[in-house]
Amino acid sequence: MLNLIVCEWLKWRRSRMLWLISLGALLPTALAFLIQMNSSEPFDWKGLFMNNLFIMTMLMCPSLYALLTGYLFAREFQERTVNNMLTGPYSRNKVLTAKFLIAIPVLLSVLLLAFLLTFAIGFFFTSKLPTSDALLEVMGKYGLLFILEYALIPLAAAVALLWRSYIPAMGLGVFAVVSEITIMQSKYIMYYPWSAPLNMVMNMAPDLNSTAIGSTSIGLAFLLPLIFIAIYFRRTDVHSG
Amino acid sequence: MTQPILQVRGLCKHYKGIKAVDGIDMTLRQGDIYGFLGQNGAGKTTAIRMMMGLIQPTAGTVELLGERIGKGRNEVLRKVGSVIEYPGFYPNLTAYENLDIHRKMMGIQGKDSLEDALQTTGLWEARNRRAAQFSLGMKQRLGIARAILHAPELLILDEPTNGLDPMGIKEIRLLIQELAQKRNITILVSSHILSEVEQLATKVGIIHRGIMLEETQMQALKDRNRHYISLQVDQQEKSRNLLVNEMGIRDCRVEENGWLRVYDEGLMPGEMNRMLVREGILVNSLSAVKDSLEDYFVRLVEGGAVRA
Chain U
1 MLNLIVCEWL KWRRSRMLWL ISLGALLPTA LAFLIQMNSS EPFDWKGLFM NNLFIMTMLM
61 CPSLYALLTG YLFAREFQER TVNNMLTGPY SRNKVLTAKF LIAIPVLLSV LLLAFLLTFA
121 IGFFFTSKLP TSDALLEVMG KYGLLFILEY ALIPLAAAVA LLWRSYIPAM GLGVFAVVSE
181 ITIMQSKYIM YYPWSAPLNM VMNMAPDLNS TAIGSTSIGL AFLLPLIFIA IYFRRTDVHS
241 G
Chain F
1 MTQPILQVRG LCKHYKGIKA VDGIDMTLRQ GDIYGFLGQN GAGKTTAIRM MMGLIQPTAG
61 TVELLGERIG KGRNEVLRKV GSVIEYPGFY PNLTAYENLD IHRKMMGIQG KDSLEDALQT
121 TGLWEARNRR AAQFSLGMKQ RLGIARAILH APELLILDEP TNGLDPMGIK EIRLLIQELA
181 QKRNITILVS SHILSEVEQL ATKVGIIHRG IMLEETQMQA LKDRNRHYIS LQVDQQEKSR
241 NLLVNEMGIR DCRVEENGWL RVYDEGLMPG EMNRMLVREG ILVNSLSAVK DSLEDYFVRL
301 VEGGAVRA
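Note that the protein sequences, when read in sequence, are chains U and F.
At position 172 of the first sequence (counting the first as 1) the number is 172 in the UniProt record's numbering, and the numbers step up by one without a gap.
At position 92 of the second sequence (counting the first as 1) the number is 92 in the UniProt record's numbering, and the numbers step up by one without a gap.
In isolation and in its complexed conformation, chain F is listed as follows (with noise of 0.2 Å):
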């Protein structure tokens, strides 16, 4: 197992009683992509912010490739990169002065690294242009040439395609999977959008109301999405009474319109059905279903889901 490029342990943030970030652990590994996902409000991008010493946590400790994000001097951050919330630039400044800046602050000798930055981000014919005069796309692409800038070993993208149309969203996208694949950065990035996470992550991290509610391999998450039989029936309580007695069935959920979905394993659809009908219940549709990680996240963050 290889070092943690970044490590959080008991991570709190508490504002007046409001607790914004309660105890939350994380860890992610060289070439992991990181999907933190969760509701807007859930508390991303306030543990994003103590992980990068912008909010002191009331409790709790963040380490960066080992080192111990502190209140002072944090010298491992020449390390991170960062795109938070909202990209920001000097509006009076090209991009490309925007860039010289960052350079300059990090202590970047040579020019080289500008020009690789804007290339990598499809931004060099557009280095000229006021940073006032970009979109928001191109902004956020920016902020990635800005974080990439210094050579970073970990990346944190914060909601990186908020406010993007689709076109944008997949160029911001690719441009992550080439920045994890190519330059082999590791990756943090949060957002509230499942299927935007489900594209991109290795690993995810799941939290809601500022809980980590599940931290896995996305492999795995996607490999526990339960099996499940449901059905359509006219007579809906006769009906869950019979698969709970007659066969045993012990997770078997009530819809609306008659529905009926049986989550036991080893579920023979064939038995289930004859039963019914023997009983004098008429099957309207009956099909042996996967959950989609979007049921699996709604039944998470409603609290009715198995936790990992």
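So here's chain U without its partners, still in its complex pose (with noise of 0.2 Å):
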């Protein structure tokens, strides 16, 4: 298992998605920083990092972790190189599990570089240090934003291993986003997985932030589709590559 772990993690070696990454992680930035030098108000750090998690939750992350899901799991069909990597010794719910492992770190770099992007950005303008107090919180809304979109690829995963490209799970990211912004303004905010997790980190509607109901519903969409891949990449036939 290790040996499929390392081996994804070299697949990403020079890859071009790792320029989305870093420009997935800037922009926000950048948007949070300029909403900050823009405001009337002084400068505030944890005005800055909540731009920066707004941004992230309600666009990027979506969008971007849709995309790179789509990548990691359909790129073997597109570069032809399933048939080599379900003809070793492993199982293929074994290489699936892989995917989902390397997904973590992939993943979590664009929350990081974004996180220490912001940080740097503050500090560079304006020679200030964050307090501690302040710190920690935003951590913990990263921490929380990444375990709540993480939840979500499996339906990206699906979507791109269905059509066996990553296309349709970047059409994925854009609906996901859409959709969002529609719903977050109803009341089915806490019902809709891609919304809740904006109520449940930036606290957008106080009186229906209900974790229990986002809780539910992330779940949900975390494990029907995982285990929809789960049965279909078990018992699928691998015609091309």
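No lab work stands behind these hints, which were simulated from the structure alone.
Misleading hints may appear alongside valid ones.
[To be verified] In silico BS3-like cross-links for lysine-lysine, where the CA-CA straight-line distance does not exceed 25 Å:
hint, chain 1, residue 1, chain 2, residue 2
1, F, K104, F, K79
2, U, K94, F, K79
3, U, K94, F, K16
4, F, K104, U, K94
5, F, K71, F, K16
[Stated by the list, open to error] What follows is a list of derived Cβ distance ranges for each label pair:
hint, chain 1, residue 1, chain 2, residue 2, range
6, U, L113, F, I193, 48 to 56 Å
7, U, R235, F, I193, 30 to 38 Å
8, F, K16, U, I181, 37 to 45 Å
9, F, K71, U, L20, 32 to 40 Å
10, F, R29, U, R235, 26 to 34 Å
11, U, T216, F, Q133, 49 to 57 Å
12, U, R234, F, V254, 32 to 40 Å
13, F, Q133, U, L113, 24 to 32 Å
14, F, A220, U, I104, 57 to 65 Å
[What the hints assert, rightly or not] Listing some non-contacts, in silico: residues in chain U with all C-beta distances to chain F over 10 Å:
hint, residue
15, L117
16, I121
17, T131
18, L144
Treat the numbers as computed from the prediction; the structure is a model and nothing was measured.
Yeah, the Cβ is synthetic: ideal placement off N, Cα and C, and Gly gets one too.
Dock the two chains into a complex; use the hints.
This is the structure:
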């Protein structure tokens, strides 16, 4: 199993997707900083991080995570390496598990980079340091955001495996953003797996912020596609590649 | 008789009424170079994919080195190398890095095997080039390098010369022969090109529309190809009747432009000629010919040949 995880890690070397990870962290950071700088309020570290978190939660994570997940799972079909990958002495579910495990550092790096860039840009322009309380609080929110968004990647993985291309997964990401922006303004914000993280991380609608409902909807969005993938991928015939 | 390296029994794959592979049997023994011959769409790749566990058979079994291939983990695949259809690689990685991933996946310690595989396939100098920059011929060789990296006992190559120029085809052929001779690897190579199989294989299996028409030693196939007499006459139908009725010939085939083909054993061309001339028939040409494998293959897939 460790060998498979190492192989998955090596496949990312010099990948063009690494540029997307950097861009995905850099753009929200720059945008958050501009918002903060144009604010009439005095500079506030927590405000800067919350702006960054808001953009990451609403726009960047749903779309970029879907794209990266799609790439991670569908590239074997698109680069026609799937034959070699599945004719080794490993079960298909182990191969999938390795991919889900390697998604953790890959996807976490987007948020980690966003956090570090926000910290660096804030410090560079203000020469101030945030208080440890503020820092701990926003770090907790980044952590929570990662867990919630990671829970949504089996959906993107299922779409990518079903169509054997990362384009549908990218489409899913765009759909997630558009639908989430609509639903986040309604009373169903916690029922929809892509809008629930907005309330759970940003507390946008405190009256509707039910952790139980949010966790359930995200939990189902995690488990159902995961079960589907485990069954489908084990049984499916591999014709391409 | 040695233990089969690969044994396929009654292998079937049906898709909504279409029989892609229909009950094929195959046996590969140690040291065989097995030519799996068939036209495009005959079912070769589907059969190979079933052998490697990529496609689940509708019926039948595949045993590799005595172990049955199933849905789950197949440990025996450590002893099998394969290049199926098109050798895919991670384009962002170099040839060396691509092979290194395979080495790790197969759990091979040390990196000596990487150099050995790249040297054997003549790609050592190109090891630091990205796979995306490789030509098709180089990718085919890199595919073979990856397939032999873990010192397999069986090598399965699906159409390894597809899309290659004549030089590339020759290079791959020599490489396959070298692998069989020097490393004692049993090889299954599929192809739709008869001449390629003829030059390589020690055993041949001919598949057509999902059915295995014949499986035999290549030498036996060559030996069995029938002698016949080919003659061109001015009165085709009369000549045929004379040959059948006067000389008792059972297998006389009428072809275009006055040509006849006579297949019976123990034919005497001289007597045949004398009899036809005596009956007033002009014999323009008469020669004893041996069927080429190509003729045999065509007859076989058209259903007109003697079955093994």
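Structure-based check of each hint:
{"no.": "1", "hint": "F:K104 x F:K79", "in the structure": "holds (15 Å)"}
{"no.": "2", "hint": "U:K94 x F:K79", "in the structure": "holds (19 Å)"}
{"no.": "3", "hint": "U:K94 x F:K16", "in the structure": "violated (30 Å)"}
{"no.": "4", "hint": "F:K104 x U:K94", "in the structure": "holds (15 Å)"}
{"no.": "5", "hint": "F:K71 x F:K16", "in the structure": "holds (21 Å)"}
{"no.": "6", "hint": "U:L113 x F:I193: 48 to 56 Å", "in the structure": "holds (53 Å)"}
{"no.": "7", "hint": "U:R235 x F:I193: 30 to 38 Å", "in the structure": "holds (35 Å)"}
{"no.": "8", "hint": "F:K16 x U:I181: 37 to 45 Å", "in the structure": "holds (42 Å)"}
{"no.": "9", "hint": "F:K71 x U:L20: 32 to 40 Å", "in the structure": "holds (36 Å)"}
{"no.": "10", "hint": "F:R29 x U:R235: 26 to 34 Å", "in the structure": "holds (33 Å)"}
{"no.": "11", "hint": "U:T216 x F:Q133: 49 to 57 Å", "in the structure": "holds (50 Å)"}
{"no.": "12", "hint": "U:R234 x F:V254: 32 to 40 Å", "in the structure": "violated (57 Å)"}
{"no.": "13", "hint": "F:Q133 x U:L113: 24 to 32 Å", "in the structure": "holds (30 Å)"}
{"no.": "14", "hint": "F:A220 x U:I104: 57 to 65 Å", "in the structure": "holds (58 Å)"}
{"no.": "15", "hint": "L117", "in the structure": "holds (24 Å)"}
{"no.": "16", "hint": "I121", "in the structure": "holds (30 Å)"}
{"no.": "17", "hint": "T131", "in the structure": "holds (42 Å)"}
{"no.": "18", "hint": "L144", "in the structure": "holds (33 Å)"}
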